[in-house]
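Asker: Taken in order, these protein sequences are the chains called F and X. Residue numbers for the first sequence follow my numbering, beginning at 2 and rising by one. Residue numbers for the second sequence follow my numbering, beginning at 13 and rising by one.
Calculated from the structure, these hints are not laboratory results. Since this is a predicted model, take the numbers as computed values, not measurements. Check the hints yourself; a few may be wrong.
Once the Cα atoms are required to be at most 20 Å apart in a straight line, the calculated PhoX-like pairs of lysine-lysine come out as [claimed, not checked]: (1) X:K478 - F:K162; (2) F:K164 - X:K478; (3) X:K137 - X:K486; (4) X:K137 - X:K326; (5) F:K369 - F:K115; (6) X:K267 - F:K162; (7) X:K137 - F:K164; (8) X:K189 - X:K310; (9) F:K3 - F:K162; (10) X:K148 - X:K267.
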Amino acid sequence: MKFLTKHINKVIILSAVLLSIFALIIVLVSDTANANGDSIARLNLSRRVVDGTSPGFSQIGYVWLPASSFLMLPTIWIDWAYYSGMSGILVSMISYVMAAYFVYRVGESLGGRKLGVIAFLFFALNPNILYMQATPLSEIFYIAMLVGAIHYLLLWARLQKEKELVLSGIFFTLSSLSRYDGWILSLAAVGTIVIYLLLRRVRWSEIEATAILFSLLAFFGPVLWLLWNYTIFNDPFYFARGEYSAKFQQLSLLESNLLPSLHDLTNTFAHISVTSILVDGSMLVILGTLGAFYALWRGVYHREFRHFIVGILGLQIIYYVINLFLGNGVIFVPQLYPHYMHNIRYGITFVPFFALMSALILVRTRLKLLAPLILLLVILEYGIMFSTNNIITLNESLRGFAGASVHESRKDAGEWLESNYTEGQIFVDTFDNDSVVFYSHIPLNQWIMVSDPDLYGKALEDPSRVVDWVVIRDGDSLDERFLGGEWLKNSFNCRYVKDDIRVYQIKDDSSDDNTGLCADGLVKNNSHAEPRASL
Amino acid sequence: MEYILRITKTFRVPVIAIQRMVTSVYSHVCARIHFLNYPHRSEVGGHDYENTQDFLYLPTIHSAKHHWLPENISLGVVVGVLTLGLFAVLKFVVEISLLVFVSMSVTLFYVVFLVFKILVVIRGKSYEFIDFTDEKIAAILDDELPMYTVFIPLLHEAEVIPQIIKGMTSIDYPRDKIEFLITLEQHDIETRQAIEEVGPPNNFRIITLPDIKPKSKPKALNVAFREARGEFFVIYDAEIIPDKDQLKKAYLAFKDNPNIACLQTRLDHYNANQNLITMLFNGEFSFHYDYFLPGLQKLGYPIPLSGHSTHFRKLVMKEIGAWDPYNVTEDCDVGIRLYRQGYETGILNSLSQEEATSSLAGWIPQRTRWMKGFIQTSLVHLRHPFRCKNELGGWENFFAFLLIVPGTVVLNLLNIVSWALLATWFLTETNIIQKLYPAPVLYMAVLTYIVGMSVFAFLNIFALYKRGRYELVKFNLLTPIYWMLLAIATVRAVVQIVTNPHTWEKTKHGSHLKT
């Protein structure tokens, strides 16, 4: 026991590493690492920097924040790492270990080693966290950066050293470069720093200087992102109002009456509550909520400011409440209308807060008498989630809007191309079609996508002069541009059609005219109005 | 293993033969081409301490007396030809345009400069200033202290004379072991009168400078140098207020570190809050003295010294030929020369308070002089680049020198072009620039430039914060504007190096006394 206590940091890190590897093995065996369409899109985004018709950093994108794509770069050029998803998974796994360690350290700062260990267990054993850390998705990286930022902010508040303030700012900016939530939380952190120093009666010039120093770092990422958008599109907010922005996508949902939480507070709370319970587990949500009130009480009546600093993590929940209420974001849970699964994985960003608050109330109140029992119950709930295949983030990856089942047709088309592709450029609208590209195993420099605007524009004008293949999915921009394939009839043969995907190959003298193969697709195209096609 | 050895041996013979051939050709070329010969003919007689014509003790090859020697021209031609050759190769191989070549080179330069400065700063954090406890300083016996000379070069400084005398007399050092040598031009009647009015103690001596050119601070120092009796000496400018125990600390540092030839101190401004210029100046100095210089020290790179509050061993200074009266940043030149001759420098944890130039009319000429001096120093030390490389201790130190001295000038000049392009692009939203540059080059250039600018501005702010100068932090967000002024001064320096190379634009002190 003494050994464990003495080497607690190493034990925590080692436990996280082992858990991470264990979870990875399960995910790899079940072949679900890349089940989520967004995983594949992220891998492609990073790969395009090193492979494509116009490779380079400009391919890093402009809607999805770039941190995780950047971090995949050291390995994304290796085919094995790209196609297995390991490029992104490695980032997530390292992030998981960091996040788990930081959760422990924040818990330790909040109320000692025991609190830290319990918070670590609540966080690190959560099945949704464990699944997500074995995927290329960016949420775990965001959590690691955010909890790291809080850890250093707590240290700064205790030690008053510039180094910790700087590190906190850097972690906040990294979180802001992985999810937009980080921007709001960085703002909250500035406010917290100012209030903290005001309460300590520090002179105003020092408060002002501290806030400026911290903000310069914390908002460096967002400012760079605005400049990046401006550089490419002459609009710093293109990520928020461009054609691939979340807001733009929300509009199509609104038209289909699929934004039930828009301007409906009850519905919004219902969505957030159900998401929290599904992802974090009911025990953790109940305990965490009680813990949050307890922390508020400690902060206000006992002037223990560290509770407010940790409280920044809780603003993550409020951020989503506001987002859903204003219609800037969307989360669908199977229990509520429209009974789909979409973006439930965002709920894992609440786990660190609930884990820490739950640990707080277990260690610092009379509940500590029942702590072992409650700890056991929480872990039991995690176990039930695991054993009953009720890991919601995994289910969402398999059956959600961006899930494997929806992407099945893209995957099939990609695999067909892998077997039948001979040579020449392939024209595709990559939005929501990344799986076709990914599963075809055809080098990205053979694909003409919107990421190369010059070639893309030329191909749109007259595809027969630029490309040999065209991939069309019902409702995508090429489908609309080429009137459901009608436009391609003179120059291309339809070689493949399945569900909503068609593949055309340019005609040559020897080829048969298979245009009729796609007749069904043409009919479908004229009648499609499925909402999920627009997601 | 045996096989490898055999192969190595087999190849060793031709390699040695090629080496010998190259060396032979090189020495033949050197023997026939005068300007590649070194030591230079002006070095044959060594230092000339009898020269009272212009008080240049150094061989002319180490002086900025003449800027465009054949060595400089030949270097320019070689660099030009190599650059054009590289461009030609790239154009042939990857069909690169001149514009892309230039912008890629500029971006590469920015990246290298950024990485270099960040590395220096990171290493600077762990540098330990040379320091001594109060007890150790108090334990020094007066008898053991050596003679110390304080040089005070003055020109039209009547207003600050009372401040100088007060500051100097309050230095904690036995009166009979310290001498103050004030240099004055013959025509500077008002300063002479001001000194006489204050009536300084008898260890103050006025040295009247002969009325000969160049009229510069290093010439004044060279004149005074012949008169100095101290084993160590320090230069204090007109406006300096050093820590009282600085000389004793310097003595202990020299005693404990026999390898150190020169000690710098940390500088700060007593009028930092005076106006925006002084605030920005203070941010720049805080970074330079707290992070950049310590980083250079830690890494063992050549150091461009400060012009004042710098302590020297007199013997070493005599050995290296004292100052170059023609170099308008004689401090920078001495720093590099010391390093080339194998001497070390250190930083003393002692503060010297000075006056920050507080008006644009004073600041621009001061910076022009500094940048002009950096150009002069570059020209002088790059006359024999390979010799310079060898004397500096290898390629790493040579590249550090290139980045620190000529690199600073180049950076300031490139900034003007970058700002102009950036401003045109942002303000006019024109696509011209996007059409001129390939997208990847443009994005990288913009990113590097913005990241670099942000990092350096942040470092100034951080240094101020660390010094507790909180009230200045917000004003230092305007650091990029300060750099624009620096760029203007650098352009002036480039013009002056052609039109007016040796003119010393004097910095006026004492404006803080009026406010």
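Asker: Next step is simple, just say for each hint if it's right about the structure.
Answerer: The hints, checked one at a time:
1. Of the pairs offered as hints, the one joining K478 of chain X and K162 of chain F holds, with about 9 Å between alpha carbons and a cut-off of 20 Å not exceeded.
2. Restraint check for K164 of chain F and K478 of chain X: the C-alpha separation of about 10 Å stays at or below 20 Å, so the hint holds.
3. Under the criterion of a C-alpha separation no larger than 20 Å, the hint pairing K137 of chain X with K486 of chain X is inconsistent with the structure, at around 24 Å.
4. This hinted pair does not check out: K137 of chain X and K326 of chain X have alpha carbons roughly 31 Å apart, beyond 20 Å.
5. Distance restraint check for K369 of chain F and K115 of chain F: the Cα-Cα separation of roughly 11 Å lies within the 20 Å cut-off, and the hinted pair is therefore satisfied.
6. With a CA separation close to 35 Å, the supplied pair K267 of chain X and K162 of chain F exceeds the 20 Å bound.
7. Distance hint between K137 of chain X and K164 of chain F is fulfilled; the C-alpha atoms sit about 11 Å from each other, no more than 20 Å.
8. In summary, the hint linking K189 of chain X to K310 of chain X is not supported, as the alpha carbons are separated by about 33 Å, beyond the 20 Å threshold.
9. A hinted pair counts as satisfied when its Cα atoms are at most 20 Å apart, and K3 of chain F with K162 of chain F does not qualify at roughly 31 Å.
10. Between K148 of chain X and K267 of chain X the alpha-carbon distance is near 13 Å, which keeps this suggested pair within the 20 Å criterion.
Figure legend: structure checked against the earlier numbered hints; hints not met, in rising order: 3, 4, 6, 8 and 9.
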